[in-house]
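Go by the hints and put chain B onto chain A.
Protein chains in written order, with this note's numbering: chain A, 1 to 274; chain B, 1 to 177.
No lab work stands behind these hints, which were simulated from the structure alone.
Check before you lean on any hint, since a few could be wrong.
Unchecked claim - Restricting the straight-line Cα-Cα distance to at most 30 Å, the calculated cross-link-like pairs of lysine-lysine (BS3-like) are: (1) B:Lys77 with B:Lys97; (2) A:Lys65 with B:Lys78; (3) B:Lys69 with B:Lys53; (4) B:Lys97 with A:Lys65; (5) B:Lys78 with B:Lys107; (6) B:Lys125 with B:Lys107; (7) B:Lys34 with A:Lys65; (8) B:Lys53 with B:Lys34; (9) A:Lys225 with B:Lys2; (10) A:Lys131 with A:Lys225; (11) A:Lys65 with B:Lys2; (12) B:Lys173 with A:Lys65; (13) A:Lys225 with A:Lys12; (14) B:Lys142 with B:Lys33; (15) A:Lys225 with A:Lys8; (16) B:Lys53 with A:Lys65; (17) B:Lys69 with A:Lys65; (18) A:Lys65 with B:Lys33; (19) B:Lys142 with B:Lys69; (20) A:Lys131 with B:Lys2.
To be verified - Some residues of chain B that are not near chain A, with every Cβ distance over 12 Å (derived): (21) Lys2; (22) Arg57; (23) Thr144.
For glycine and all other residues, C-beta sits at the position ideal for the given N, C-alpha and C.
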Amino acid sequence: METANDNKTLNKIRIIFFIALVEYFLFIFSGSSFSFLQGDNFFSIEVDPLSWGFYLAGMPQFILKHQWCGILIDSIIIISLLLFVRDPLNNRLAILLFLLLMLFYITFMGHMAHRNYQVGFFMVFVPFLFKGYTNKIFAYESLRYFLLFFYLSAAFLKITNHSLAGNEHFSHLLSGQFTPYFLEGNTGVRTDLNLYLISHPATSHLLFIISFIVELTTIIGFFTKRFDNLLAIALLTFHFGNWLIMDIAPFGQVAFICLLFISREMTKKKPNSF
Amino acid sequence: MKNLFLYRLYTHSRAAFIFIVVFVTCYAIVFYKKMDMTLFPYNSMYTIDFNNKNTARTYGVRINGELIKFTHRPYWKKDFLETSLNGYSNYLNHGEKVFLEDYLSAKFPIGTIRTAMLMNLTPVKNTLYLWPLWFAQFAGYKVTPGAIVEIFQYNFSFDRTVANLVDSSSIYKFAVK
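Just chain A, with the same shape it has in the complex (with noise of 0.2 Å):
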């Protein structure tokens, strides 16, 4: 019975994996990963410690210089998620990794010129990295505060920032998400929802207290885990209203949130296959 309960827990981490698999092969099927970057020469970093140690080293300018490395770090990375995938206790693959999507998020990022959110895409690597089990289990743990932190933090800011107290202000954010899409006469249901909302600022208003709704509940996660299923469904469903309604698709958190569906598996008794 145990050993059923192991490999059950096992093919959950081993699914979450399979979905880091899945977002960093939109990266390659939209044409956009380290393969396809070759030769841009524009990037723009911010006051941030980690993207100066790569810049300053050089990484970036390197890869995006020279395809067949751009190339090499593809395919090294696709291989070694789908060896992780098959093995998703191997802490050698899991630090591998982690210091690959690192690179490729800071490099992607800087080229863009803008650091969007998804850190998740190489911290859901955070408590493969360790080899003990003990070990594994407090870096799950402090990995789980920080992803609700990142979360509840934004609650915060809306409140600091009296964000809730003018019911135009989502109307106008929303003004700013789909110009690109006038712009080429690419319209559709998207663009007549964000038109809508533009011109009913209550309704807008009232989405917008949803998504704080939404963030505010991850303080439950501070004391319980035991409604961890329910704070990733909401979470997930907040990021896919976030790509409908505003553009801004999570591919690169999905995986990340997906391990709230572990943080029961997580902290237990050592399983016999761990």
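Chain B only, in chain A's frame:
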């Protein structure tokens, strides 16, 4: 008390405990200073309405007058094309300087440190004027010699049911050799 995460961590590993305490302290300082870093994200997305009206600005690249279209592309490519073009246009609008050039000049008045950091932390200027060509090719467009490449700034205003293009202006133009 014994169930507290930090207490359990302390009893398990002093080094890990110190690491977490240092990490949390750094995060608290960075958060207090409203700084956004990769490992210490300041998730203030959409908390401040800078614009305070239903208007928006966007940019577009035209080759011989034809607008480069990218919104039909898969998400990451579309996002990269849109956001990097905004970044490059901001660079042009700010006297061909990226943010870190001003920041490093203000923080590091000593010439040698500043020069060394600028060399790696900011893009090399002498070929940057050709970036719109890379952008066009990345978006799947062919640019032939003699083509006129132009970057436009577009201002939109939104009323009840339509997005109105209020005005547009050329912010950058060159002919491909």
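Hint-by-hint comparison with the structure:
Taking the CA atoms of lysine 77 of chain B and lysine 97 of chain B, the gap is near 25 Å; set against the 30 Å cutoff, the hint holds. Under the criterion of a C-alpha separation no larger than 30 Å, the hint pairing lysine 65 of chain A with lysine 78 of chain B is consistent with the structure, at around 22 Å. Between the alpha carbons of lysine 69 of chain B and lysine 53 of chain B the distance comes to roughly 27 Å, so the proposed pair stays at or under 30 Å and holds. A hinted pair counts as satisfied when its Cα atoms are at most 30 Å apart, and lysine 97 of chain B with lysine 65 of chain A qualifies at roughly 22 Å.
Distance hint between lysine 78 of chain B and lysine 107 of chain B is unfulfilled; the C-alpha atoms sit about 35 Å from each other, more than 30 Å. The straight-line distance between the Cα atoms of lysine 125 of chain B and lysine 107 of chain B is roughly 21 Å, inside the 30 Å bound, and the hint therefore holds. Between the alpha carbons of lysine 34 of chain B and lysine 65 of chain A the distance comes to roughly 34 Å, so the proposed pair goes past 30 Å and is violated. Taking the CA atoms of lysine 53 of chain B and lysine 34 of chain B, the gap is about 25 Å. The hint holds against a cut of 30 Å.
Our distance criterion of 30 Å between C-alpha atoms is met by lysine 225 of chain A and lysine 2 of chain B, whose separation comes to about 17 Å. A hinted pair counts as satisfied when its Cα atoms are at most 30 Å apart, and lysine 131 of chain A with lysine 225 of chain A qualifies at roughly 24 Å. For the suggested pair lysine 65 of chain A and lysine 2 of chain B, the alpha carbons sit about 53 Å apart, so the restraint of at most 30 Å is broken. This hinted pair checks out: lysine 173 of chain B and lysine 65 of chain A have alpha carbons roughly 26 Å apart, not beyond 30 Å.
Restraint check for lysine 225 of chain A and lysine 12 of chain A: satisfied, since their Cα atoms lie roughly 17 Å apart, inside the 30 Å limit. Straight-line distance between C-alpha atoms of lysine 142 of chain B and lysine 33 of chain B comes to about 46 Å, which puts the hinted pair past the 30 Å bound. About 19 Å separates the Cα atoms of lysine 225 of chain A and lysine 8 of chain A, which keeps this hinted pair within 30 Å; it holds. Pair hint lysine 53 of chain B plus lysine 65 of chain A does not hold up; C-alpha atoms about 42 Å apart against a cutoff of 30 Å.
Under the criterion of a C-alpha separation no larger than 30 Å, the hint pairing lysine 69 of chain B with lysine 65 of chain A is consistent with the structure, at around 26 Å. Among the hinted pairs, lysine 65 of chain A with lysine 33 of chain B is inconsistent with the structure: their alpha-carbon atoms are about 36 Å apart, more than 30 Å. Among the hinted pairs, lysine 142 of chain B with lysine 69 of chain B is consistent with the structure: their alpha-carbon atoms are about 13 Å apart, no more than 30 Å. Of the supplied pair hints, the one linking lysine 131 of chain A and lysine 2 of chain B holds, its CA atoms being roughly 25 Å apart against a limit of 30 Å.
At the 12 Å boundary, the C-beta of lysine 2 of chain B stays outside the reach of chain A, the nearest C-beta of that chain being 15 Å off. Some Cβ of chain A comes within 12 Å of the Cβ of arginine 57 of chain B; the nearest lies about 7 Å off, and the non-interface call is violated. Here threonine 144 of chain B stays apart from chain A, with its beta-carbon at least about 18 Å from theirs, past the 12 Å limit.
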